[in-house]
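In the order they appear, the protein sequences are chains F and W. Sequential numbering of the first sequence, starting at 1, is according to the numbering used here. Sequential numbering of the second sequence, starting at 1, is according to the numbering used here.
It should be emphasised that the hints constitute simulated quantities derived from the structure, not laboratory data. Ideal placement from N, C-alpha and C gives every residue a C-beta, glycine not left out. Treat the hints with care, as some may be off.
Here are the computed lysine to any residue pairs in the SDA-like style, where the Cα-Cα straight-line distance is at most 25 Å [stated by the list, open to error]:
1. 161/W x 219/W
2. 74/W x 167/F
3. 132/W x 157/F
4. 175/F x 270/W
5. 97/W x 185/F
6. 37/W x 177/F
7. 177/W x 246/W
8. 171/F x 48/W
9. 171/F x 87/F
10. 146/W x 167/F
Listing some non-contacts, in silico: residues in chain W with all C-beta distances to chain F over 10 Å [claimed, not checked]:
11. 111
12. 118
13. 192
14. 198
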Amino acid sequence: MPYETTQETGAQAEVISQYHAVFRSDTERSGEQHAGRLISSTKTGESDADQDWHLETVPNGPHRSSDSVKATRLLFDRCMQALDRAIQGDGDLIEQGNAFFNFSDILQELWERRNEQESQFAQLVNILQTLLLESVPEDFSKTQIQSIRQVIEKASDRRPISDEDLATYIKILDKGGCDVFRALR
Amino acid sequence: MSSEPSGDSANSQQSQPIEVFLDTSIHITRLESDHHKAKIDHTLEGFRWKGTCSYTQIEYGNVILASACYYYRKLKELDDLEALSDFIYHHLPRNRKYKQWYHSLLRHSFNRDEATERAKLLLQSLMTVGTKYISGYCDEVRDGIKCAWARQEVSPRTPWKRPDRAKCRIDKFFEEKKDTFRSLEKAIRQAPERQTDELKTFADLIQQAQSNPSLLRDCKVCWKLADAIIAVESEGYSSFFTQNIKESDVLCRPLKQKLLYLKQNADDPVEVIDYRDVQSEQSDE
Numbered sequence: 001m002p003y004e005t006t007q008e009t010g011a012q013a014e015v016i017s018q019y020h021a022v023f024r025s026d027t028e029r030s031g032e033q034h035a036g037r038l039i040s041s042t043k044t045g046e047s048d049a050d051q052d053w054h055l056e057t058v059p060n061g062p063h064r065s066s067d068s069v070k071a072t073r074l075l076f077d078r079c080m081q082a083l084d085r086a087i088q089g090d091g092d093l094i095e096q097g098n099a100f101f102n103f104s105d106i107l108q109e110l111w112e113r114r115n116e117q118e119s120q121f122a123q124l125v126n127i128l129q130t131l132l133l134e135s136v137p138e139d140f141s142k143t144q145i146q147s148i149r150q151v152i153e154k155a156s157d158r159r160p161i162s163d164e165d166l167a168t169y170i171k172i173l174d175k176g177g178c179d180v181f182r183a184l185r
Numbered sequence: 001m002s003s004e005p006s007g008d009s010a011n012s013q014q015s016q017p018i019e020v021f022l023d024t025s026i027h028i029t030r031l032e033s034d035h036h037k038a039k040i041d042h043t044l045e046g047f048r049w050k051g052t053c054s055y056t057q058i059e060y061g062n063v064i065l066a067s068a069c070y071y072y073r074k075l076k077e078l079d080d081l082e083a084l085s086d087f088i089y090h091h092l093p094r095n096r097k098y099k100q101w102y103h104s105l106l107r108h109s110f111n112r113d114e115a116t117e118r119a120k121l122l123l124q125s126l127m128t129v130g131t132k133y134i135s136g137y138c139d140e141v142r143d144g145i146k147c148a149w150a151r152q153e154v155s156p157r158t159p160w161k162r163p164d165r166a167k168c169r170i171d172k173f174f175e176e177k178k179d180t181f182r183s184l185e186k187a188i189r190q191a192p193e194r195q196t197d198e199l200k201t202f203a204d205l206i207q208q209a210q211s212n213p214s215l216l217r218d219c220k221v222c223w224k225l226a227d228a229i230i231a232v233e234s235e236g237y238s239s240f241f242t243q244n245i246k247e248s249d250v251l252c253r254p255l256k257q258k259l260l261y262l263k264q265n266a267d268d269p270v271e272v273i274d275y276r277d278v279q280s281e282q283s284d285e
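Looking at chain F on its own, in the form it has when it is part of the complex (with noise of 0.2 Å):
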């Protein structure tokens, strides 16, 4: 096991610290059965679809720099910036349009960031992102980008985002008139 090496490379430490963090979370969920030690799929009996499940929803996610959660929280507030610039350039197209394709990238700089957070980040990634999929800046109302922008205030501010963030920011998004899920169709 890599455990016992005392001389890793950055990539085996990397993978080492992604084992660690699986391994902690593993043991706080599983209690005693699984406590004090890996366990291969092969001996829960779990499938693949499983392990990956799990390696998922590392609550902490995966190792994560104070840097990495500063650039985070920045890309945030950039967005919410673009955000306000939409929505006070009310019926200026040109300046709504600048203001969405702008937050258009800063998203793709947080999606780009998804291996370095919890899986609920890359999810509220997604789902922001697919909302503004074969979509142009004058399809939303003021409603809809104050929705979004609530949401991502709300998501700036929670290190890490659980489940039931998650949730709420569906709701959110849903209510302001947001069509979570039309990518499903």
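Based on the hints, put chain W in the right spot on chain F.
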């Protein structure tokens, strides 16, 4: 039967009721169809209070959450959204209970790997919000039966499934609402020309449950009474919004409700059938 175009006129009419009760079909269609969603949301704008009940959450879970869980697992297995769509289109039997989602927007907007990853996340989100999605746009979720099924959480590890039979109070709910159930039974029996197999089952079960309400604690029996339970939960609401015309057309009468019928064709207006004044004849009989 009076018919009036809903949507626009519903919002402007002075006699428009302020509250509306949403049937399961509305929750499911709202999630599944672009055109219907817009029509539903527009119709709901005319109401200040939107209600539903926990039984609709169970049915929503049986259809939407069970599908989400199934497709998530299938997507994990195939690891390709195109392959999943192909499976749904060509191999999934049409009579399977799972809804047919193709994730078209994702497939056309991203490369295969990214579309697959995003589809997994979206299905995860649908499971994460679960039945709470419904309570997001409803002001009230009535829960007279207190069925544990409606509050169940779902994930790929814990698929949506029926809980133990004892976790509800359907028998007590039936006792409390016996008069309402009986009025439904009476309305069904009085309308043989509108009687469907489902309505006939409702009437027979209501009759049997009057002497033995505990028979409803068998989930398989309770399940056969689904629309009748939803109708009873909607008592007091002056409007009932549904896509299920055959049964609701009979059940809304004794409850003196205005039936808002969302048709399959999204281009058709919502039909409004007002039973609020019709009922006095029946109660006099």
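Okay, the hints, checked on the actual structure:
For the hint pairing residue 161/W with residue 219/W, the CA-to-CA distance comes to about 12 Å; that is within 25 Å, so the pair holds. Of the pairs offered as hints, the one joining residue 74/W and residue 167/F holds, with about 24 Å between alpha carbons and a cut-off of 25 Å not exceeded. Restraint check for residue 132/W and residue 157/F: satisfied, since their Cα atoms lie roughly 22 Å apart, inside the 25 Å limit. Distance check on the hinted pair: residue 175/F and residue 270/W sit about 22 Å apart at the alpha-carbon level, within 25 Å; holds.
Restraint check: the Cα-Cα separation between residue 97/W and residue 185/F comes to about 17 Å, which is no more than 25 Å; the hinted pair holds. With a C-alpha separation of about 10 Å, the suggested pair residue 37/W and residue 177/F falls inside the 25 Å cut-off, and the hint holds. The suggested pairing of residue 177/W with residue 246/W holds, with an alpha-carbon distance near 23 Å, which does not exceed 25 Å. Proposed proximity of residue 171/F and residue 48/W is supported: the alpha carbons are some 18 Å apart, at most 25 Å.
Between the alpha carbons of residue 171/F and residue 87/F the distance comes to roughly 21 Å, so the proposed pair stays at or under 25 Å and holds. For the hint pairing residue 146/W with residue 167/F, the CA-to-CA distance comes to about 22 Å; that is within 25 Å, so the pair holds. Remark: the non-interface label on residue 111/W is consistent with the geometry, its nearest Cβ contact in chain F lying 13 Å away (cut-off 10 Å). At the 10 Å boundary, the C-beta of residue 118/W falls inside the reach of chain F, the nearest C-beta of that chain being 5 Å off.
At roughly 40 Å from the closest C-beta of chain F, the C-beta of residue 192/W stays outside 10 Å, upholding its exclusion from the interface. At roughly 28 Å, the least C-beta separation between residue 198/W and chain F is larger than 10 Å, which holds for a residue marked as non-interface.
Checked against the numbered hints given earlier, this structure breaks only hint 12.
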